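We have chain G already, so just place chains E and P on it with the hints.
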Amino acid sequence: MIFPLNAWYAAAWSHEVGTRAVLGRTVCNQKLALWRKPDGGIAAVEDACWHRRLPLSMGHVDGESVVCRYHGLAFDGTGRCTRMPSQDRISPSAKVRAYPAVEKYRLVWVWPGDPAKADEARVPDLHWNSDPAWEGDGATLFAKCDYRLLIDNLMDLTHETFVHATSIGHKAIAETAPSTTHDDRTVTVTRWMLDIDAPPFWRTQLQKPGNVDRWQIIRFEAPCTIVLDVGVALAGTGAPQGDRSQGVNGYVLNTITPETATSCHYFWAFARNYSLHEQRLTHELREGVSGIFGEDEHVLEAQQRAIDEHPGYRFYNLNIDAGAMWARRLIDKMIEREKRVIPLRPAA
Amino acid sequence: MIFPLNAWYAAAWSHEVGTRAVLGRTVCNQKLALWRKPDGGIAAVEDACWHRRLPLSMGHVDGESVVCRYHGLAFDGTGRCTRMPSQDRISPSAKVRAYPAVEKYRLVWVWPGDPAKADEARVPDLHWNSDPAWEGDGATLFAKCDYRLLIDNLMDLTHETFVHATSIGHKAIAETAPSTTHDDRTVTVTRWMLDIDAPPFWRTQLQKPGNVDRWQIIRFEAPCTIVLDVGVALAGTGAPQGDRSQGVNGYVLNTITPETATSCHYFWAFARNYSLHEQRLTHELREGVSGIFGEDEHVLEAQQRAIDEHPGYRFYNLNIDAGAMWARRLIDKMIEREKRVIPLRPAA
Amino acid sequence: MIFPLNAWYAAAWSHEVGTRAVLGRTVCNQKLALWRKPDGGIAAVEDACWHRRLPLSMGHVDGESVVCRYHGLAFDGTGRCTRMPSQDRISPSAKVRAYPAVEKYRLVWVWPGDPAKADEARVPDLHWNSDPAWEGDGATLFAKCDYRLLIDNLMDLTHETFVHATSIGHKAIAETAPSTTHDDRTVTVTRWMLDIDAPPFWRTQLQKPGNVDRWQIIRFEAPCTIVLDVGVALAGTGAPQGDRSQGVNGYVLNTITPETATSCHYFWAFARNYSLHEQRLTHELREGVSGIFGEDEHVLEAQQRAIDEHPGYRFYNLNIDAGAMWARRLIDKMIEREKRVIPLRPAA
Numbered sequence: 027m028i029f030p031l032n033a034w035y036a037a038a039w040s041h042e043v044g045t046r047a048v049l050g051r052t053v054c055n056q057k058l059a060l061w062r063k064p065d066g067g068i069a070a071v072e073d074a075c076w077h078r079r080l081p082l083s084m085g086h087v088d089g090e091s092v093v094c095r096y097h098g099l100a101f102d103g104t105g106r107c108t109r110m111p112s113q114d115r116i117s118p119s120a121k122v123r124a125y126p127a128v129e130k131y132r133l134v135w136v137w138p139g140d141p142a143k144a145d146e147a148r149v150p151d152l153h154w155n156s157d158p159a160w161e162g163d164g165a166t167l168f169a170k171c172d173y174r175l176l177i178d179n180l181m182d183l184t185h186e187t188f189v190h191a192t193s194i195g196h197k198a199i200a201e202t203a204p205s206t207t208h209d210d211r212t213v214t215v216t217r218w219m220l221d222i223d224a225p226p227f228w229r230t231q232l233q234k235p236g237n238v239d240r241w242q243i244i245r246f247e248a249p250c251t252i253v254l255d256v257g258v259a260l261a262g263t264g265a266p267q268g269d270r271s272q273g274v275n276g277y278v279l280n281t282i283t284p285e286t287a288t289s290c291h292y293f294w295a296f297a298r299n300y301s302l303h304e305q306r307l308t309h310e311l312r313e314g315v316s317g318i319f320g321e322d323e324h325v326l327e328a329q330q331r332a333i334d335e336h337p338g339y340r341f342y343n344l345n346i347d348a349g350a351m352w353a354r355r356l357i358d359k360m361i362e363r364e365k366r367v368i369p370l371r372p373a374a
Numbered sequence: 027m028i029f030p031l032n033a034w035y036a037a038a039w040s041h042e043v044g045t046r047a048v049l050g051r052t053v054c055n056q057k058l059a060l061w062r063k064p065d066g067g068i069a070a071v072e073d074a075c076w077h078r079r080l081p082l083s084m085g086h087v088d089g090e091s092v093v094c095r096y097h098g099l100a101f102d103g104t105g106r107c108t109r110m111p112s113q114d115r116i117s118p119s120a121k122v123r124a125y126p127a128v129e130k131y132r133l134v135w136v137w138p139g140d141p142a143k144a145d146e147a148r149v150p151d152l153h154w155n156s157d158p159a160w161e162g163d164g165a166t167l168f169a170k171c172d173y174r175l176l177i178d179n180l181m182d183l184t185h186e187t188f189v190h191a192t193s194i195g196h197k198a199i200a201e202t203a204p205s206t207t208h209d210d211r212t213v214t215v216t217r218w219m220l221d222i223d224a225p226p227f228w229r230t231q232l233q234k235p236g237n238v239d240r241w242q243i244i245r246f247e248a249p250c251t252i253v254l255d256v257g258v259a260l261a262g263t264g265a266p267q268g269d270r271s272q273g274v275n276g277y278v279l280n281t282i283t284p285e286t287a288t289s290c291h292y293f294w295a296f297a298r299n300y301s302l303h304e305q306r307l308t309h310e311l312r313e314g315v316s317g318i319f320g321e322d323e324h325v326l327e328a329q330q331r332a333i334d335e336h337p338g339y340r341f342y343n344l345n346i347d348a349g350a351m352w353a354r355r356l357i358d359k360m361i362e363r364e365k366r367v368i369p370l371r372p373a374a
Numbered sequence: 027m028i029f030p031l032n033a034w035y036a037a038a039w040s041h042e043v044g045t046r047a048v049l050g051r052t053v054c055n056q057k058l059a060l061w062r063k064p065d066g067g068i069a070a071v072e073d074a075c076w077h078r079r080l081p082l083s084m085g086h087v088d089g090e091s092v093v094c095r096y097h098g099l100a101f102d103g104t105g106r107c108t109r110m111p112s113q114d115r116i117s118p119s120a121k122v123r124a125y126p127a128v129e130k131y132r133l134v135w136v137w138p139g140d141p142a143k144a145d146e147a148r149v150p151d152l153h154w155n156s157d158p159a160w161e162g163d164g165a166t167l168f169a170k171c172d173y174r175l176l177i178d179n180l181m182d183l184t185h186e187t188f189v190h191a192t193s194i195g196h197k198a199i200a201e202t203a204p205s206t207t208h209d210d211r212t213v214t215v216t217r218w219m220l221d222i223d224a225p226p227f228w229r230t231q232l233q234k235p236g237n238v239d240r241w242q243i244i245r246f247e248a249p250c251t252i253v254l255d256v257g258v259a260l261a262g263t264g265a266p267q268g269d270r271s272q273g274v275n276g277y278v279l280n281t282i283t284p285e286t287a288t289s290c291h292y293f294w295a296f297a298r299n300y301s302l303h304e305q306r307l308t309h310e311l312r313e314g315v316s317g318i319f320g321e322d323e324h325v326l327e328a329q330q331r332a333i334d335e336h337p338g339y340r341f342y343n344l345n346i347d348a349g350a351m352w353a354r355r356l357i358d359k360m361i362e363r364e365k366r367v368i369p370l371r372p373a374a
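Protein chains in written order, with my numbering: chain G, 27 to 374; chain E, 27 to 374; chain P, 27 to 374.
There could be a bad hint or two in this list.
The list treats identical chains as one, so a pair stands whether inside a single copy or across any two.
Think about it this way: if two alpha-carbon atoms lie no more than 16 Å apart in a straight line, the pair counts; the simulated EDC-like pairs of lysine to aspartate or glutamate are [what the hints assert, rightly or not]:
| id | residue 1 | residue 2 |
| --- | --- | --- |
| 1 | Lys63 | Asp88 |
| 2 | Lys57 | Glu72 |
| 3 | Lys130 | Glu42 |
| 4 | Lys57 | Asp334 |
Worth flagging that the hints you see were computed from the coordinates, not collected in a lab.
Note that the structure is a prediction, hence the values are computed from the model and not measured.
This is chain G alone, in the form it adopts within the complex (with noise of 0.2 Å):
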């Protein structure tokens, strides 16, 4: 096991589920139907119907429920059958699993594991995207790779350098050792590069000429979400301390979803608080961070067909690693509580 699953994971963009498709969706090997109900709320069960075991995702919603493509079964939020074909008594035994959903920060989130433990005070957190003080979109990358690769790809950002060369990358991060903290749940690893010649994106953005300072300040909150506190402000005036007014000021916002042990869902947006209602602004961006991603999908999916090949290789890790290290100590963490919890909580 590679996941925990009592954790929150992001399964789709609000937008995605509806009153009338059903989406079908596979979060940490768990497949997945998801829909909305007449109130708003998410309804998320098992992607297969009790009877014949047909995708639910190929059905349509009728009201609370989903009802099955082959031969009509309906179900509801809570996986209970409320509808047999051809008979009048419907078996009590006949129902598929729901698990926990809540919508947040423009995305949905389940909670593949224990439903007792699911609090949605622990849904991470990613104001930026519903705070009207920030602005931006995002969008979904698909990508063929174990979850955590992207992981360590986003914790240490001197492949910028190598594999963004024309875009973000600059030859300072590659050459700046960033300082990296952490307590139980989050890993922080901050990069401050003073007095730098600034790169094409930072450079189009700020909109001035000059040397800037420049910060990476990458917060990890385990499992599998990072949040990239990124910019640029004129040299010397003040950023490191705090002010960063002379300056531009993004969030790159992402939550990773193992959707297999090879594969996961990639939910990232790019939010800024300046020239908010530039609607142009922000497609340009989306579609600037999209290729940037897009660089970096090409290298880890290489990664994962490297590492399929030799399946038992361990990494070397260089100073580099560090913060991807102490990322992937704490969800490893995470997955050894689980274990110890087991015999506690047999099945029903």
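Chains E and P in isolation, oriented as in the chain G frame:
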């Protein structure tokens, strides 16, 4: 093993087997090369040259024999090698397995089991295909699913309401319980829906307004042939009592040949006894039924994928599944009988 | 193991290995990154970065070294790491495996086995490729089959009659028994067809009417190089006795490098000693031979699929297979010798 071997299976339509090209087809996991001999008879041998195992279906027919494309070895319809390159003496051990093959009802049938048991009288009855009182046409559908999923599908037409909602579906089907009878070789499921509105497909065939009595009489012949006697007549004109003169009647002729455990060749035709010489109608019906069966294929392949993901899963059954359950029981008995025979007939 | 490791294998044509991009190629199940050093020499190292295993072939060349695309680690042609990001001290354990590599006869050869045994004198003789007395061109064919199927194919040209019926095939080939000789490293199969009609390909080359004497002299050099000395001369002008002046002569130069157990790189060229400066003829020959080898590829890949379906199957052999059987025996002996050596040379 999920299919009996001592049975006739349709391998091809008659027109697919010619005197020049060789047809390769897999029946019950056995690869066959089929061609037509100068006397019009069908030859069927193992599709692998004795020498280097190149598929003989890549070769060509020369008189009685198939000629391998690689080195020109030739084999006649009994599987005996009749030519070798660069040598006069043909090793008497050089032969490939031959299969009993007959042509009947516009189909070519092969017997993958014990040749000594192959009895032409046991070819399933699909006489409508070659009876001048009936007109029709068909096609082959290659479905990536266990052939029994297609049998389940055809033995319970409740699914028409949900899978074929826009053509032949009708809520009356799901609302009317059918009756089921069987003997040791066949299962019959009969459903009469009296005084109902005709669904779009049948309304077009009937070409008259007014409510109808609709029938669906499904006859399964083990292991894999299903004849559907279907039609509508104006309500109250005596169809249930045997007078179909005020209606239209079609036979959907289906025989499903396992290719592997998870794929099959589905040969079907739609035969009618009205508007016999309207070629346009024949064409329209063929296209219409093709479209309907394409909807089934989509559902059944999704069901197969779900089964593949949960290999040990046992399906739950509803009342509507009675016909399919009996059909599977007859198939299982055929397989069971073959198992018991094996100790008495050791291989030569 | 179906191939020896202590042998030179062609990995690429010379022109495929440059000083900027890195070429990734798999030889005997080993993934290699190849590039050209500033002095013109060839570097070949394991195609996986020491740090995260990203293929180095995704990176670029910088002077002597290949630079990894992910984090910028650099490795020279000896496999030693020469640069790490964000740290001055380079761990001395950071290295990737380097392979002996030489360039000869317009091909780049690598030695996947024990580097201490790599001896340039053992590069197979394909001197026609770089001899000014011969003119020609070639290509690479990537075939999804065991490399030995290609050797079987080239060691017995009987197949031309059936596989290449429209170009170089002739019934005389299948009707004329060849003679076969061998030593401990080579096998030679000689076939002379006297006073026959020329097949279309050779008729075009000869540009004269009249019957011909045709020769096919096949020389195998273990483990995987085959030179075909082929041609026709006007019948009775002394070609069998050594006077080829009234004919045309070509050498088909073949070296087949196993990629995996079921795929190979097939490097071939056609060299001629007539009409040396006719570029159009060179082009035509290249296209013509490509078409012929495409027919072989089609057959061999089908044969490989048949083998995959019956893993334990042992082929039957005919008289025509004598050359191929000797070739396989020499290959097997090379593999056997390597096995015996292993206990005497434990890995460091």
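Status of Glu42 relative to Lys130 across identical chains (alpha carbons, at most 16 Å): Cα proximity of Lys130 and Glu42: one copy only (14 Å, versus 53 Å across).
Copy assignment of Lys57 with Glu72, given that the CA separation must stay at most 16 Å: within (6 Å within a copy, 39 Å between copies)
Status of Asp88 relative to Lys63 across identical chains (alpha carbons, at most 16 Å): Intra 9 Å, inter 59 Å, cutoff 16 Å: intra-copy only.
Within, between, both or neither: Lys57, Asp334 at alpha-carbon 16 Å: between (23 Å within a copy, 14 Å between copies)
Going down the numbered hints, you'll see the structure goes against none, and every one checks out.
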